[in-house]
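Asker: These protein sequences, in sequence, are chains A and B. Numbering-wise, my numbering comes out as the position in the first sequence, counting from 1, plus 1. Numbering-wise, my numbering comes out as the position in the second sequence, counting from 1, plus 1451.
Note that these hints are calculated values from the structure, not bench results. Here the structure is a predicted model, which is why all the values come from computation and not from measurement. Beta carbons are placed, not taken as given, at the ideal position from N, Cα and C, and that holds for glycine. Careful: at least some of the hints might be erroneous.
[What the hints assert, rightly or not] Okay, derived cross-link-like pairs now, SDA-like style, lysine to any residue, Cα gap no bigger than 25 Å in a straight line:
id, chain 1, residue 1, chain 2, residue 2
1, A, Lys218, B, Gln1560
2, A, Lys187, A, Lys327
3, A, Lys33, A, Lys167
4, B, Lys1563, A, Lys187
5, B, Lys1563, A, Lys33
6, B, Lys1563, A, Leu80
7, A, Lys88, B, Gln1560
8, B, Lys1563, A, Leu380
9, A, Lys218, B, Leu1458
10, A, Lys365, B, Gly1553
11, A, Lys191, A, Thr203
12, A, Lys88, B, Gly1567
13, A, Lys218, B, Gly1670
14, A, Lys378, A, Ala388
15, A, Lys88, B, Asp1721
[What the hints assert, rightly or not] Here are some chain B residues pointing at chain A (derived, C-beta under 7 Å):
id, residue
16, Leu1467
17, Gln1547
18, Ala1550
19, Leu1589
20, Gln1590
21, Thr1706
22, Ser1710
23, Ala1724
24, Arg1726
25, Thr1728
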Amino acid sequence: MSSFSRRTAMGGALGLLAAPAILHAQPAGGVKIGLVAVQTGPQAALGTQLRDGYLMGLRHLNGRLGGLTAETVMIDDELRPDVAVTKVRTALERDRCDFIVGVVFSNILQAIIRPVTEANTFLISTNAGPSTFAGRGCNPFFFTTSYNNDQVHSVIGQVCEDQGYKRVFVMVPNYQAGRDAVAGFKSRFKGEVVDEVYVPLTQLDFAAELAKIAAAKPDAIFTFMPGGLGVNLVRQYRQAGLAHIPFLSTFTVDEATLPAQQDSAVGFFSAATWAPNMDNAANRRFVTDFEAAFNYVPASYAAQAYDSTMLLDAAIRRAGGRLADKDAIRAGLRAADFASVRGNFKFGVNHYPVQDFWLLRVAKRTDGKFQTETVRKVLENDVDPWAAECRMR
Amino acid sequence: MSTGLFLVQALNGLQLGILLFLVAAGLTLVFGVMDFINLAHGVQYMLGAYLGAAFAAATGSFWLGLLLALPAALIFGLLLEVLVFRHLYDRDHLSQVLATFGVILFLNQAVKAIWGAAPLQVPVPALLEGGVVLMPGLQYPLYRIAVLGAGVATALGLWFLVERTRLGMLVRAGATNSPMVSALGVDIRRLFMLVFAFGAMLAGFAGVLAGPIFSVEPGMGDHVLILAFVVIVIGGIGSIRGAFIAALIVGLTDTLGKSLMPDLMRLFLDPSAARQTGAALASMLVYIAMAAILAFRPRGLFPARSG
């Protein structure tokens, strides 16, 4: 046997010895959280927001959830469902996580929801809120602290009705979420959709579409252009001198994209359940400390992740720290007995929040940074359209 | 569709074409002269954009940023050539594809590690702010017109360099038959290195120009790379003139397709189906055009290599 392979064997043996030692080192009465946040690829900025929001929450709770010392296992889903499933299974089986928290994108959630919930482990989504698990597919082990996507798009439809816009130009990427956005928008907008333009997800240049918008002369445009698409669109929209046409959007201008959009996004509208300037004690504390700790403005991804730590803290405390008593934990989660940064927050029968939706506008702050700010409340205590189909009791 | 709108769309198409040309020019030279498939060419475009953004932010001037980014992109191209690509020239295409793909992954992650995953902002230089009203309600940004001008000027410069100088003659000769050029006593390795670095700089130049229009983010070169490959295949590998014509064809097909297809489809289909099939067809149009051109001219429009 060569010295190399002997060393490898020794290392392996040492590793085996070390593994149980680590488990024993964990103090009794701890709680283990698997945090799923994408850290690879172009959307990693959103995963970073999510992770930092969660860490901020833990920091405010002095690293304890409901009195138990919290240990976090970081999981980078790489925005690939197969990778997410493998890593989450490892977190469940090897690391024995008590909760799985996080998830930015719906397709990742779709992939991991069964492995997690079938292991009788609670899955708390802090961003993805697809319709699939809101209606018939609702699940006693699944909660989300965000929203159902359809609700957000419908807010803009309602805004157009309220403002009396008669002719609206709609532009979305040509994939499922894009088509859902149009459906959500139309569920409340009853006026004329002048044109619906579907662009490829790889679109670079919006010049052709912008010329169409100028020719159509709509009262307003509604668009859903997440990530880099939105950065391109917003800047080109401004450069083309179209900013006099109200720019109403979902997931297009937020604190994750504003550092790149900057002045070109000022005055553009968005819809959400939260904004950094919301005036309540929990939110002021969150935003101030978050900016001090991470040196950027938090977006809803961070705020919802922050809320999830507060939710977990409240639920575990209510259950008296008995993590094995799933019914007690579930009752604690359902009670949602915490001060949300959104102010108004409770769960509906399908474990999706019943909450207020706001129209937001991008503003430049006095310190030169950019953020969305509340304009007015559009929907109050809004229940997502699927909740009635949920049979969970 | 009004004539005004059509003209604006044609202009948009030309402008996209010019930007593609700047990326494709380097790619076609590298592929044509060295018979080397460089998937990492798109990353060099991204790198140019990042360097431009970083230098512009550091100096406070877009122009200084541009001036500094060009030599930086050139040096980086040389570095890549010496460190990685040089060792791949004699290998088969599969090794080249694998290795250069690895470079893409590496550099995309490196860029993210240095500048973060969030898109960067490059402001339009003050000199070129504002726009020209070409049709009612739409202003055509001055900056885009400047990009168009810069692209045409670069194309002319390249044409002169390749067709009218001794160096260009060697490059053309290398594209046609490189063993013969080598046998005639020309240091083909040095020529390769020069062409490679120059191609990297052109891609970087395109990246810097794209900064104020598009978002500067990791992976931004990947979409451009695919279109650039379409351009060089249509134009004939190794031909600058072919790349220029093909880039304009691709730019115009893509832009006019996107604006006309949904309306065209409405003649046969109901509106909602027309919009979706129109959009789907429009995004395929470039590739359909490529297939059609290759069916009649399998070596592209202006093949550089004979036989």
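Asker: All the hints need checking, so say for each whether the structure fits it.
Answerer: Now the hints, each set against the structure:
With a C-alpha separation of about 42 Å, the suggested pair lysine 218 of chain A and glutamine 1560 of chain B falls outside the 25 Å cut-off, and the hint is violated. For the given pair, lysine 187 of chain A sits about 40 Å from lysine 327 of chain A by alpha-carbon distance, which is inconsistent with the 25 Å threshold. Taken as a hint, the lysine 33 of chain A and lysine 167 of chain A pair is broken in the structure, with Cα atoms around 52 Å apart against an allowance of 25 Å. Pair hint lysine 1563 of chain B plus lysine 187 of chain A does not hold up; C-alpha atoms about 38 Å apart against a cutoff of 25 Å.
About 29 Å separates the Cα atoms of lysine 1563 of chain B and lysine 33 of chain A, which puts this hinted pair outside 25 Å; it is violated. Straight-line distance between C-alpha atoms of lysine 1563 of chain B and leucine 80 of chain A comes to about 16 Å, which keeps the hinted pair within the 25 Å bound. Between lysine 88 of chain A and glutamine 1560 of chain B, the direct Cα distance comes to roughly 21 Å. Compliance with the 25 Å bound is thereby established for this hinted pair. About 38 Å separates the Cα atoms of lysine 1563 of chain B and leucine 380 of chain A, which puts this hinted pair outside 25 Å; it is violated.
Between the alpha carbons of lysine 218 of chain A and leucine 1458 of chain B the distance comes to roughly 18 Å, so the proposed pair stays at or under 25 Å and holds. For a cut-off of 25 Å, the pair hint linking lysine 365 of chain A to glycine 1553 of chain B is broken: about 41 Å separates their Cα positions. Our distance criterion of 25 Å between C-alpha atoms is broken by lysine 191 of chain A and threonine 203 of chain A, whose separation comes to about 31 Å. Distance restraint check for lysine 88 of chain A and glycine 1567 of chain B: the Cα-Cα separation of roughly 24 Å lies within the 25 Å cut-off, and the hinted pair is therefore satisfied.
Proximity of lysine 218 of chain A to glycine 1670 of chain B is assessed by CA-CA distance (about 34 Å); at most 25 Å being required, the pair is judged violated. Proximity of lysine 378 of chain A to alanine 388 of chain A is assessed by CA-CA distance (about 22 Å); at most 25 Å being required, the pair is judged to hold. A hinted pair counts as satisfied when its Cα atoms are at most 25 Å apart, and lysine 88 of chain A with aspartate 1721 of chain B does not qualify at roughly 46 Å. The restraint placing leucine 1467 of chain B at the interface with chain A holds, with a minimum CB-CB distance near 5 Å, inside the 7 Å limit.
Given the 7 Å rule on beta carbons, the hint for glutamine 1547 of chain B is violated: about 24 Å separates it from the nearest Cβ of chain A. Residue-level restraint check for alanine 1550 of chain B is violated (minimum Cβ-Cβ distance to chain A is 21 Å; threshold 7 Å). Annotation: interface hint on leucine 1589 of chain B holds; nearest CB of chain A at approximately 3 Å, less than 7 Å. The beta carbon of glutamine 1590 of chain B comes within 3 Å of a beta carbon in chain A, closer than 7 Å, and the hint placing it at the interface holds.
Interface restraint check for threonine 1706 of chain B: the shortest CB-CB distance to chain A comes to about 5 Å, inside 7 Å, so the restraint holds. For the restraint placing serine 1710 of chain B at the interface with chain A, the shortest Cβ-Cβ distance is roughly 5 Å, inside the 7 Å limit, so the hint holds. Residue-level restraint check for alanine 1724 of chain B is violated (minimum Cβ-Cβ distance to chain A is 11 Å; threshold 7 Å). Checking arginine 1726 of chain B against chain A: minimum C-beta separation of about 5 Å stays under 7 Å; hint holds.
This hint is violated: threonine 1728 of chain B has a C-beta 10 Å from the nearest C-beta of chain A, more than the 7 Å allowed.
Comparing the model with each earlier hint shows violations of hints 1, 2, 3, 4, 5, 8, 10, 11, 13, 15, 17, 18, 23 and 25; every other hint is respected.
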